[in-house]
Amino acid sequence: MIKLHNVSKSFSQFQAVCSVSLSIHKGEIHGIIGASGAGKSTLLRLMNLLESPDSGKVEINGQTLTSLPGKDLRQARKSIGMIFQHFNLVANKTVFENVMVSLKLANYPKNKRKGRVMECLQFVGLESFKDKYPAQLSGGQKQRVAIARALANSPQVLLCDEPTSSLDPNTTAEILSVLKDINRLGVTIVIVSHEMDVIKSICNRVTVMADGEVYDTVSIEPTGIGSAKNTPANFVEQLTKIGGTGHA
Amino acid sequence: MIKLHNVSKSFSQFQAVCSVSLSIHKGEIHGIIGASGAGKSTLLRLMNLLESPDSGKVEINGQTLTSLPGKDLRQARKSIGMIFQHFNLVANKTVFENVMVSLKLANYPKNKRKGRVMECLQFVGLESFKDKYPAQLSGGQKQRVAIARALANSPQVLLCDEPTSSLDPNTTAEILSVLKDINRLGVTIVIVSHEMDVIKSICNRVTVMADGEVYDTVSIEPTGIGSAKNTPANFVEQLTKIGGTGHA
Amino acid sequence: GSKDKDAETPAKVQKEDEKVTLKVASLISPMTDIVELVKPKLAEEGIDLEMVVLGDNVQPNSALAAKEVDANFFQHVPYMEEFNRSNDANLVPITPIYFANYGVYAKDFKTMDELPEGAVIAMANDVSNIDRSLALLAQHGIIELGEKTDTYYTKSDIIDNPKNYKFEEVDLLMLARMYDDADAVVMTPAYAAPLGLTPKSDALLTEGIENDFAITLVAREDNKDSEPIQKLAEAMTSPEVRQFLEENYDETAIPAFE
Amino acid sequence: MPEILIQYKTEIWQSIAETFAMVGVSILAAILVGLPVGTLLFLCRKGQVFENPYIFSIVNLLVNVIRSFPFLLLVVFLIPFTRLVIGTAIGTAAATVPLSIIAIAHYSRLVEQSLLDVPKGVMEAAVSMGASVREIIFKFLYVEARSGLVLGLTTSIISFISYSTIMGVVGGGGIGDFAIRYGYQQFKTDLMMYMILIMVILVQLIQFTGTTVSRMIDKR
Amino acid sequence: MPEILIQYKTEIWQSIAETFAMVGVSILAAILVGLPVGTLLFLCRKGQVFENPYIFSIVNLLVNVIRSFPFLLLVVFLIPFTRLVIGTAIGTAAATVPLSIIAIAHYSRLVEQSLLDVPKGVMEAAVSMGASVREIIFKFLYVEARSGLVLGLTTSIISFISYSTIMGVVGGGGIGDFAIRYGYQQFKTDLMMYMILIMVILVQLIQFTGTTVSRMIDKR
Ligand SMILES: Nc1ncnc2c1ncn2[C@@H]1O[C@H](COP(=O)(O)OP(=O)(O)OP(=O)(O)O)[C@@H](O)[C@H]1O
Ligand SMILES: Nc1ncnc2c1ncn2[C@@H]1O[C@H](COP(=O)(O)OP(=O)(O)OP(=O)(O)O)[C@@H](O)[C@H]1O
Ligand SMILES: [Mg+2]
Ligand SMILES: [Mg+2]
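Protein chains in written order, with the working numbering: chain H, 2 to 249; chain A, 2 to 249; chain Y, 1303 to 1560; chain Z, 919 to 1138; chain F, 919 to 1138.
Just chain H, same shape as in the assembly (with noise of 0.2 angstroms):
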């Protein structure tokens, strides 16, 4: 579904990618994780160009996008979807909107569009938020706007760079477990994140970056996500589960 070649990308003499070669398979979730500054933003970027590699090729559902021409790149670009890990919103466009752009660029069937968006928002529980700006918006409510703009348009890849690290572990569950249902309808994941838990609880194979080189790609066995009540009388359950001494 995804290839890499030999994928290379330095930026003025620092080698963030170092030739790097990877497949991923349709309808996997495939995760990425390593440390800061490993160079897994900068591969996920590179997967649909939005950095072009110094050498190397990228193949994407059977097209080699390194030597696609613009128009058709910008088709393939349509179905992958892609959460940034700094939400990239439209400051000037309502959380509505936002959404609503995606389902425009994809010539998504005019009459369906606005129950779409609404579905999305569904999906990350930001319903009532439809007429709020980014600006008024907390750092997890933002991230889960990008994750409803990047769904909407029901891509067949989607790359998702930390899409969960403003999240509540709740909140986190939820999104998951919609990622895991879009999955399941055959699209493929790719999921940069830090969170090991994240990671292990949803992620059929896993790359190890490190130095801008791939270490290693391990296959392992979703754990589930771990499903958590979404009230505070949960946190403070956790939280006093071991350790705890009562209350203050």
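It is worth saying that the hints were derived from the structure and are not from the lab. Ideal placement from N, C-alpha and C gives every residue a C-beta, glycine not left out. Don't take every hint at face value.
Straight-line distance between alpha carbons at most 25 angstroms, and here's what the computed DSS-like set of lysine-lysine pairs gives [stated by the list, open to error]:
(1) H:105 to H:133
(2) H:133 to F:964
(3) Z:1038 to F:1038
(4) Y:1325 to Y:1369
(5) H:79 to H:105
(6) H:115 to Z:1137
(7) Y:1341 to Y:1533
(8) Z:1137 to F:964
(9) Y:1465 to Y:1412
(10) H:111 to H:133
(11) Y:1457 to F:927
(12) Z:964 to H:72
(13) F:1038 to A:79
(14) F:927 to Y:1450
(15) H:4 to H:27
(16) F:1106 to Y:1450
(17) F:1137 to A:115
(18) H:72 to Z:1038
Which chain Z residues stay away from chain F? Per the calculated CB distances, all over 10 angstroms, these [what the hints assert, rightly or not]:
(19) 923
(20) 935
(21) 954
(22) 976
(23) 1127
(24) 1135
Start from chain H and add chains A, Y, Z and F with the ligands according to the hints.
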């Protein structure tokens, strides 16, 4: 040390923080946890009056911030460090300069500044990145610069909004031990985090927030920071510990 | 009012059809006043006179040459000739209307002799006016000019300046304002009038009428003999205009026609 | 109402109408041509989605040439072109041609600068969604830069008003020209002051509207 | 070298020197006064650290009044002031006074706009560190907005050059005025074209420098 009396904050209709009273003792590490959108960041920003409360009183170190004149408020803020959820680095300053500016503002002795900046960058493992600009950093690296900046002028209070959200477990552990260390020197630390592990490992007391209100405040015995070796092999080991089915 | 009534009878409607529009470019008062003055008269003759007020002294000629206007009224013949030479145009003078009596004015001095050594004399900064101002001073022996080397005299043509006057060139628009600033100003009556100055009672020196600088109605080679232009020329040299000039512009604008 | 204003009522109203006509057309030109030109300048820059050093250099040079002409000479220089477009080179309609050209050059620079301040991340989001250049412009760039674009237009409009005062040269008329001709040249200082007052009020209104709109649509 | 240029060599060099003098002083005024004024406009705005509707309205009005004067009339209007400062109201030195004033008004608007594009988070970081207004300005605002400030100054300088061409009115001289007086009014079209070429080259150089510098210092 930090006392909030019936503090409320609303954003055009929406009540983000609702009559919260809370006292945080000198020298403790206080956690704040809660669902996304619960009001954690807003509460933290109320503590140094980045958001001015609609009603209520904020007291730090015996000074009532809410009634201080501008000049004294500025002075008071110099001893309150802050790590922002979105880092808020100055994009046109290098890593070095971003940390340096905090020392300059605090009138840190001139001849010791350079040494202090390098020391702080060492804490967060970024000495070699000192001449890079934020746009050239990975997400985790940016976050670490923000941490170094907040630590630099040895504040008496440190407000941390999701300080480890972009960091891998190893780096998280390192940062947490840095926080623990400065806490031992008498610094009061407030940490907002959605990661239960982070909260449990170093906090003495934890406030659970829900819908803008304090649900409960719990005293806990910190479990200590699980030290992880900073090697990719370690990732692979953790991955294959359970559920692993071998190398791909 | 009367035009509307004319239109009502069929016989005159026909005349209305023949009505020609004559466009005349001009600059400032009193030129514009004269054009306004003859408007009703030409209207009686079936000529709709339309005045186009422009802002500098090149555009009226450019517009005339480009047939955008049918005549203009703002310049003297030497200036027009220079335009013809430089622009391959064939503008022709129709009839001189009045002499703008160029003069030297000073706020603090009554006569030219009182003007001290090294005094500052302001003049307009476009070449034709520099030429004319210097010529005026030379005419009265204040300075001496050498042989004309180019089309115009410039400051560098001054070969003798016994009282060491300094000449400051400023824009036409600023000229009148320099009355307060410089020791003396060389300007046309049109610019002096708003200051309440007239050549007759206030000027230290004047150009008189012994010169080529009469403000002239100008048209083109191709329309100089046309009926409307001739009618315009006739109207502008009528006794009414003379009376108007004599009553309102005593010695400021001296009629240049018989 | 002061007598002098009543005396010149017709002329004043006419000059106001002339100013509105000249500035109105310039605004249209700025939006319809200046905005695209500024966008082109931005998109063709090094590192942008439409990177093209040739187009950039040519458009950049063109804008600079227009901006480096002394305005009076630009007006003169454009006369043949004006005549071609409008049929005449004098009068209010003719004056709109050089004004529009300067308006385009002026606003395109401010557009370029506003677009440069759009965060890179937003552009990346657009590219990653497979947006065409057209979509990037309308659905992302303009949306994110809109408050800057409005403020820039406000600044430009005020400059156009100032430029329009020079259009007396080709008979363009307008409030400024009226003030110069009647007020200044004929020493009717009070009339001049009233005219300037009208201009100040006009400019103040434009600035107020611009500032308010730009603040209202800024959700960042 | 074309003969006509040799013939007018002295005058041409002098006019170039005059332009440099006039524009040079305007640039100084823009930086020394326009930058602070623009900063004040920004800081006194609603929601900013120095919020003050009174100061804002007054400064805003003042800038607007200057910008709404027909430039020619501004020059005239300022004559008494110019005489006070320079001792005379005509000549190159005197011309710098109205030019500087317009330069201040012009650049301050662009400064205000550039500062409005500084991300709110950076301001918050400054405030949270207890920065004084002075420190916020110099250590944060200007640092983050610097590429916009440079581009705005570039745009302004080019406008100053254009404004300077009108300074012939008070005997300011300069390249543009030379082109108008010798080239246009004396119908020496070739001379006029050479002068315009000099202006184009000058403007192109300024734009190139501005663009390059602003790109070099933009690390965002
Ligand atoms: N400027 C604002 N305008 C309007 N609403 C706001 C604003 N800032 C925050 N809010 C709202 O206030 C609530 C609390 O926000 P806050 O940022 O404190 O949440 P949080 O607990 O930090 O969440 P997270 O874990 O997602 O960062 C959210 O519902 C958010 O939408
Ligand atoms: N535009 C750039 N210019 C220079 N260096 C860069 C640039 N982008 C990334 N880098 C460097 O490349 C390396 C890899 O960056 P990348 O963002 O891929 O890391 P990462 O694995 O995603 O880290 P994190 O977990 O902290 O987000 C980092 O050391 C970073 O400093
Ligand atoms: Mg990353
Ligand atoms: Mg938060």
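Tested hints:
The suggested pairing of residue 105 of chain H with residue 133 of chain H holds, with an alpha-carbon distance near 20 angstroms, which does not exceed 25 angstroms. A distance of roughly 21 angstroms separates the Cα atoms of residue 133 of chain H and residue 964 of chain F; the hinted pair therefore holds under the 25 angstroms criterion. At roughly 16 angstroms between alpha-carbon atoms, residue 1038 of chain Z and residue 1038 of chain F fall within 25 angstroms of each other, so this suggested pair holds. With a C-alpha separation of about 10 angstroms, the suggested pairing of residue 1325 of chain Y with residue 1369 of chain Y holds against the 25 angstroms cut-off.
At roughly 11 angstroms between alpha-carbon atoms, residue 79 of chain H and residue 105 of chain H fall within 25 angstroms of each other, so this suggested pair holds. In summary, the hint linking residue 115 of chain H to residue 1137 of chain Z is supported, as the alpha carbons are separated by about 22 angstroms, within the 25 angstroms threshold. Taking the CA atoms of residue 1341 of chain Y and residue 1533 of chain Y, the gap is near 11 angstroms; set against the 25 angstroms cutoff, the hint holds. For the suggested pair residue 1137 of chain Z and residue 964 of chain F, the alpha carbons sit about 14 angstroms apart, so the restraint of at most 25 angstroms is met.
In summary, the hint linking residue 1465 of chain Y to residue 1412 of chain Y is supported, as the alpha carbons are separated by about 17 angstroms, within the 25 angstroms threshold. A threshold of 25 angstroms between alpha carbons decides the hint, and for residue 111 of chain H with residue 133 of chain H the separation of about 23 angstroms falls inside it, so the pair holds. Between residue 1457 of chain Y and residue 927 of chain F the CA atoms are separated by roughly 16 angstroms; this keeps the pair inside 25 angstroms, and the hint holds. The suggested pairing of residue 964 of chain Z with residue 72 of chain H holds, with an alpha-carbon distance near 20 angstroms, which does not exceed 25 angstroms.
Taking the CA atoms of residue 1038 of chain F and residue 79 of chain A, the gap is about 20 angstroms. The hint holds against a cut of 25 angstroms. The straight-line distance between the Cα atoms of residue 927 of chain F and residue 1450 of chain Y is roughly 21 angstroms, inside the 25 angstroms bound, and the hint therefore holds. The straight-line distance between the Cα atoms of residue 4 of chain H and residue 27 of chain H is roughly 11 angstroms, inside the 25 angstroms bound, and the hint therefore holds. Between residue 1106 of chain F and residue 1450 of chain Y, the direct Cα distance comes to roughly 18 angstroms. Compliance with the 25 angstroms bound is thereby established for this hinted pair.
Distance check on the hinted pair: residue 1137 of chain F and residue 115 of chain A sit about 22 angstroms apart at the alpha-carbon level, within 25 angstroms; holds. Using a Cα cut-off of 25 angstroms, the hinted pair residue 72 of chain H and residue 1038 of chain Z holds, with the two alpha carbons roughly 21 angstroms apart. For residue 923 of chain Z, the non-interface assignment is confirmed: its Cβ lies about 18 angstroms from the closest Cβ of chain F, beyond the 10 angstroms cut-off. With a minimum CB-CB distance of about 17 angstroms to chain F, residue 935 of chain Z clears the 10 angstroms threshold, and the non-interface call stands.
Interface exclusion of residue 954 of chain Z from chain F stands, the closest Cβ pair being 18 angstroms apart, more than 10 angstroms. No Cβ of chain F comes within 10 angstroms of the Cβ of residue 976 of chain Z; the nearest lies about 12 angstroms off, and the non-interface call holds. Every CB of chain F is more than 10 angstroms from the CB of residue 1127 of chain Z (nearest about 12 angstroms), matching its label as outside the interface. Residue placement check: residue 1135 of chain Z keeps its beta carbon more than 10 angstroms from all beta carbons of chain F (closest about 13 angstroms).
Violated hints for the displayed structure: none, as all numbered hints are satisfied.
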